[in-house]
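S.K.: Chains as they are written, first to last, in the numbering used here: chain U, 197 to 511; chain D, 197 to 511; chain P, 197 to 511; chain W, 197 to 511.
Watch out, some of these pointers could steer you wrong.
When chains are identical, the list treats them as one kind, so a pair holds in a single copy or across two.
To be verified - BS3-like cross-link-like pairs, simulated, lysine-lysine; straight-line CA separation at most 25 Å:
| id | residue 1 | residue 2 |
| --- | --- | --- |
| 1 | Lys243 | Lys318 |
| 2 | Lys382 | Lys358 |
| 3 | Lys318 | Lys358 |
| 4 | Lys279 | Lys318 |
| 5 | Lys344 | Lys358 |
| 6 | Lys382 | Lys279 |
| 7 | Lys318 | Lys382 |
| 8 | Lys344 | Lys279 |
| 9 | Lys243 | Lys382 |
| 10 | Lys243 | Lys344 |
| 11 | Lys428 | Lys358 |
| 12 | Lys243 | Lys279 |
| 13 | Lys279 | Lys428 |
| 14 | Lys358 | Lys279 |
Rather than coming from a laboratory, the hints here were simulated on the basis of the structure. Remember, it's a predicted structure, so these values are computed and weren't measured experimentally.
Protein chains: 4
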Amino acid sequence: MSIERLHDIALSVRNWGRWGPDDEIGTLNYITPESIAGACRLATRGKVFSLGIPLQRRGPQSGTRDRFNPIHTMFRDGGDAPKDEAGVLRLQGYGGADDWIAMPLQCTTQWDSLAHVFYEGKMWNGYDVSLVTSHGAEKNSIAKTKDKIVGRGVLLDVPRYKGVAMLDPGYAITAADLEGTAAAQKVEARPGDILVLRTGHMTTYLERGDWGTYDSDSSPGVSVYTAPWMHKKQIAAIACDNYAVEVRPSELPPFRSPFHACAIPNMGLTLGEIFFLEELASDCAADGRYEFLLVAPPLPVTGGVGTPINPYAIK
Amino acid sequence: MSIERLHDIALSVRNWGRWGPDDEIGTLNYITPESIAGACRLATRGKVFSLGIPLQRRGPQSGTRDRFNPIHTMFRDGGDAPKDEAGVLRLQGYGGADDWIAMPLQCTTQWDSLAHVFYEGKMWNGYDVSLVTSHGAEKNSIAKTKDKIVGRGVLLDVPRYKGVAMLDPGYAITAADLEGTAAAQKVEARPGDILVLRTGHMTTYLERGDWGTYDSDSSPGVSVYTAPWMHKKQIAAIACDNYAVEVRPSELPPFRSPFHACAIPNMGLTLGEIFFLEELASDCAADGRYEFLLVAPPLPVTGGVGTPINPYAIK
Amino acid sequence: MSIERLHDIALSVRNWGRWGPDDEIGTLNYITPESIAGACRLATRGKVFSLGIPLQRRGPQSGTRDRFNPIHTMFRDGGDAPKDEAGVLRLQGYGGADDWIAMPLQCTTQWDSLAHVFYEGKMWNGYDVSLVTSHGAEKNSIAKTKDKIVGRGVLLDVPRYKGVAMLDPGYAITAADLEGTAAAQKVEARPGDILVLRTGHMTTYLERGDWGTYDSDSSPGVSVYTAPWMHKKQIAAIACDNYAVEVRPSELPPFRSPFHACAIPNMGLTLGEIFFLEELASDCAADGRYEFLLVAPPLPVTGGVGTPINPYAIK
Amino acid sequence: MSIERLHDIALSVRNWGRWGPDDEIGTLNYITPESIAGACRLATRGKVFSLGIPLQRRGPQSGTRDRFNPIHTMFRDGGDAPKDEAGVLRLQGYGGADDWIAMPLQCTTQWDSLAHVFYEGKMWNGYDVSLVTSHGAEKNSIAKTKDKIVGRGVLLDVPRYKGVAMLDPGYAITAADLEGTAAAQKVEARPGDILVLRTGHMTTYLERGDWGTYDSDSSPGVSVYTAPWMHKKQIAAIACDNYAVEVRPSELPPFRSPFHACAIPNMGLTLGEIFFLEELASDCAADGRYEFLLVAPPLPVTGGVGTPINPYAIK
């Protein structure tokens with residue numbers, strides 16, 4: 197049952213070949229110089245919202261997919277600074293600090309690359325999954341999007357539309373919810389937009405100051421049945437304040453992430469996860485403007501299937 | 197001799213207390229909502245330049261300060277995708293890819309935080325170096341700049357001004373060079389600008405397709421004597437296509453990085469290094485416009501003293 | 197109160213200077229060529245017991261002291277093997293596998309170095325704690341023991357002596373328990389011995405196949421008051437099947453690890469933790485011989501304060 | 197030519213099925229409790245030789261197979277120790293040090309697992325290479341040898357036999373060399389022995405205090421034609437002071453490592469590399485005894501294809 201239902205949706209949103217046989221960025225193609233210039237014109241107040249959460253040991257990863265929170269330590273620190281002039285001469289200066297980090301590319305606020313999820317042995321645009329090896333993704337890696345992720349951001353604050361502080365865990369956001377929210381906010385999803393979807397799910401964890409099992413808990417998120425709506429609207433990317441954009445638990449078990457399966461390998465849609473939206477959402481509610489310039493450059497990791505980011509929403 | 201000369205320059209550019217005793221971002225304070233809005237208005241063509249180099253094993257680090265190039269491997273790849281329906285059921289889907297990275301925070305295109313370099317036992321704004329421990333920088337960490345690094349970028353293409361393909365290794369760029377370049381390009385450094393300085397030094401390595409010892413070779417770069425000029429101009433940050441912004445070898449031995457010592461702990465100036473400027477510079481030469489919107493969000497690593505970035509210059 | 201009591205015990209077992217002012221290995225000095233040769237003579241059956249637990253993601257670390265379980269991924273795997281003769285030529289062979297690991301040095305079966313725990317600003321033998329910097333331990337590092345950790349192992353199976361499957365969490369093993377167990381087992385602790393202490397605590401976790409919070413749970417272990425007994429007996433090292441050798445919770449709060457504070461920096465005693473003793477203990481019970489050759493070489497990590505190990509008990 | 201010649205040798209030494217279809221440890225099966233007990237009897241002096249090199253940033257890896265030298269940094273160090281009683285209470289003690297390491301499993305003195313090298317799509321005992329995935333080696337991992345690597349070690353000091361300080365780079369050690377050395381040393385290779393082969397190659401690097409490109413330089417080592425001799429002698433493992441046991445450059449180009457291809461996947465022979473043999477060799481020359489107890493426990497990394505080790509030779 198699920199397998200056929202998933203297949204129907206997947207095929208209905210499939211964009212393979214739409215931008216030629218060599219394409220590796222999918223719906224990011226909807227973003228044009230004109231839409232970028234238009235987005236820049238939205239930034240009239242010069243107000244910047246950082247949508248990235250802190251990278252630290254106390255973070256949202258409790259073990260899903262072997263992910264862990266960032267491990268950050270030092271090569272040099274204040275204890276190594278020279279104590280006297282002889283030390284200054286030896287160190288050729290007054291010292292300093294250097295550090296390094298080890299982290300999953302999807303451990304924090306992040307973009308999935310189009311190599312992140314497979315469908316029936318294939319990736320986005322029909323590339324074979326065997327092209328993702330221990331050397332990384334030969335096709336559809338995040339590095340291919342290196343100058344692509346900027347455009348008009350549109351916040352859809354669904355709980356505010358519904359008059360609640362946050363959506364319930366397990367609530368599947370429908371296309372009607374998206375349409376209703378947009379209408380209430382007097383904003384419209386246009387081709388090339390980056391949808392920024394607030395579920396309010398992160399609020400709980402932020403308020404109690406503990407991520408707990410944010411990565412595996414039930415969560416509100418988009419229904420798999422919103423994929424055709426996104427396909428029709430020609431959005432370029434979607435980002436959310438939950439862990440997986442889509443609702444948990446899954447609407448189509450045993451598939452754990454049916455929306456991912458439709459969106460990434462079939463539609464070629466870039467997904468953003470673990471976005472911090474509280475301040476941006478408050479501001480949009482205050483001034484009634486839910487559109488802005490969104491700039492969220494990926495780290496161009498060669499062969500990478502995801503990237504940590506610190507997106508800027510600029511109003 | 198050097199120690200006194202360095203001291204004179206350092207004190208002449210010192211901004212401690214200028215933005216209060218608790219400041220941790222220094223000259224980034226020069227950036228205002230107005231200057232950001234103004235910078236956004238510069239992006240009329242919607243053309244994006246990605247200034248970040250690829251993150252991969254073949255990169256610019258050959259061992260300076262124990263740094264290494266990014267190490268990127270996979271938790272899951274195409275070889276783990278299910279081969280049949282039983283596999284799909286077991287994996288709850290068609291599989292996917294996940295990956296992780298280990299890297300110094302200053303190994304690729306990057307911002308230094310104001311905790312990166314010390315001066316006489318102190319950091320920026322007079323904080324004691326003992327505040328940088330094995331837990332990271334309690335003060336002046338890169339996380340403090342998380343929503344701060346966007347503004348008007350101004351490219352100063354010094355070799356183009358001088359009519360050469362690239363400046364010679366060891367050439368110390370002077371304040372007169374900066375003024376001359378700006379005048380020739382019909383652009384002016386204004387308070388709050390992010391100066392993007394092209395020396396041409398990266399060109400050699402890009403052309404031969406090998407970073408070699410880019411991190412320790414002699415290099416053109418700014419003279420320590422440009423620090424007062426930057427101080428007077430009230431620039432917010434400076435970024436360069438070489439490894440250390442400043443000229444190598446040092447003009448004030450035994451100090452290895454005298455400009456760093458003036459700029460970071462004393463002036464509170466954010467430095468950006470290893471910027472890829474070739475395409476941007478060509479475009480500026482072609483259209484004669486050397487100013488643009490620069491958006492270069494740091495990863496908000498708690499306690500971090502640097503951050504990998506992929507800056508966007510948008511014209 | 198605790199602070200004075202701890203101080204009394206610490207001073208009573210302090211061995212500073214006993215092996216000269218430059219010593220960095222403490223009680224491992226009790227091991228002599230003669231005792232090693234004697235230990236080798238105990239290995240008459242040629243039966244080997246591996247006392248190391250598996251190094252893998254599902255391990256005993258749940259976050260204590262920022263520790264994590266080993267992260268192990270591949271540079272090359274079977275998916276990269278050549279598919280045809282052209283591939284063989286290109287790869288100069290039929291391929292192979294390579295891998296890497298990231299792990300805390302104390303994340304698995306391990307030795308603490310004498311730089312691991314401090315006491316009143318000092319390390320073992322009176323070295324100042326400032327000698328442990330971001331560059332590692334200049335004194336007392338695990339590398340100093342590189343050819344030192346082999347000798348007569350003596351298993352003390354306390355729960356078997358007491359007729360229980362395992363000691364209760366929180367039970368503090370006394371010197372009388374150690375004496376009683378030794379007597380019942382007809383074995384004696386001699387100078388230079390490596391005591392291998394079984395509490396049965398690991399059994400619970402092994403049986404349920406889940407480490408849970410083994411690293412922070414209450415646990416049986418040695419009382420802080422056994423330190424003088426070990427001092428008098430001149431044992432060279434002690435290893436245990438729990439997380440911290442000593443009992444949890446602490447007998448001298450607020451000190452979390454008072455036995456550590458006496459043993460490591462004052463006595464200079466090397467501690468081994470997370471030893472897998474089930475098979476060895478069964479064998480000793482079966483043949484009535486609780487002494488054996490113990491060979492547990494540390495990885496000579498320069499400046500390291502601990503080391504993963506796979507100790508061999510050979511009977 | 198090479199492909200057939202390699203094939204002939206490979207098949208002539210192939211042991212597949214010799215220890216049953218489920219075997220994963222190959223020639224380590226030649227080691228018996230009797231041979232272990234016999235080896236222990238050799239340790240009459242109680243003299244220990246540590247054969248592991250230091251694990252540190254300045255090590256033998258310059259980039260072969262993406263390998264790097266160990267990266268070791270701290271979670272806590274002396275700078276974090278409490279300064280006063282309030283600090284002691286807050287930290288629940290006087291502080292301490294903790295650290296972590298990232299390293300390739302084959303970066304230092306090490307054992308290769310039988311999953312390390314493939315031959316015509318297969319591993320040791322005929323297992324398919326597809327069993328080595330991003331999750332590690334499902335068959336033939338190093339963890340399978342966890343209690344297996346102890347036995348009689350026999351040093352063959354070839355340069356000493358030949359009257360030279362070290363063999364020339366590129367010199368291929370022959371079976372006659374091995375026989376001649378053994379005869380001169382009055383020792384014989386017996387079934388189950390661990391051969392420890394000295395070429396003198398490491399001496400150069402140790403003397404100049406710089407590993408340089410030890411991992412890729414020409415090197416003396418065993419000829420591929422010694423594989424049948426080792427097969428006939430039924431040795432359990434072989435370890436060497438060079439980077440790859442075998443001679444470099446290869447005798448059978450384009451194959452880079454033809455001896456590996458015969459020994460690991462076909463014979464099931466465990467190889468040890470980068471062994472520090474200088475002190476052991478001097479001692480053997482001094483007392484004329486070239487046999488000893490060798491204990492070299494692998495770290496039981498689940499799925500690992502190699503392991504760092506610190507082998508003990510005990511005489």
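S.K.: Could you run down the list of hints and mark each one as holding or not?
M.R.: Right, here's what the structure says about each hint:
{"no.": "1", "hint": "Lys243 <-> Lys318", "result": "neither (42 Å within a copy, 32 Å between copies)"}
{"no.": "2", "hint": "Lys382 <-> Lys358", "result": "within (15 Å within a copy, 53 Å between copies)"}
{"no.": "3", "hint": "Lys318 <-> Lys358", "result": "neither (38 Å within a copy, 52 Å between copies)"}
{"no.": "4", "hint": "Lys279 <-> Lys318", "result": "between (60 Å within a copy, 12 Å between copies)"}
{"no.": "5", "hint": "Lys344 <-> Lys358", "result": "neither (33 Å within a copy, 33 Å between copies)"}
{"no.": "6", "hint": "Lys382 <-> Lys279", "result": "neither (62 Å within a copy, 47 Å between copies)"}
{"no.": "7", "hint": "Lys318 <-> Lys382", "result": "neither (39 Å within a copy, 52 Å between copies)"}
{"no.": "8", "hint": "Lys344 <-> Lys279", "result": "neither (48 Å within a copy, 34 Å between copies)"}
{"no.": "9", "hint": "Lys243 <-> Lys382", "result": "within (21 Å within a copy, 28 Å between copies)"}
{"no.": "10", "hint": "Lys243 <-> Lys344", "result": "both (22 Å within a copy, 10 Å between copies)"}
{"no.": "11", "hint": "Lys428 <-> Lys358", "result": "within (24 Å within a copy, 53 Å between copies)"}
{"no.": "12", "hint": "Lys243 <-> Lys279", "result": "neither (43 Å within a copy, 43 Å between copies)"}
{"no.": "13", "hint": "Lys279 <-> Lys428", "result": "neither (66 Å within a copy, 32 Å between copies)"}
{"no.": "14", "hint": "Lys358 <-> Lys279", "result": "neither (61 Å within a copy, 43 Å between copies)"}
Hints 1, 3, 5, 6, 7, 8, 12, 13, 14, counting from the list given before, are not met by this structure.
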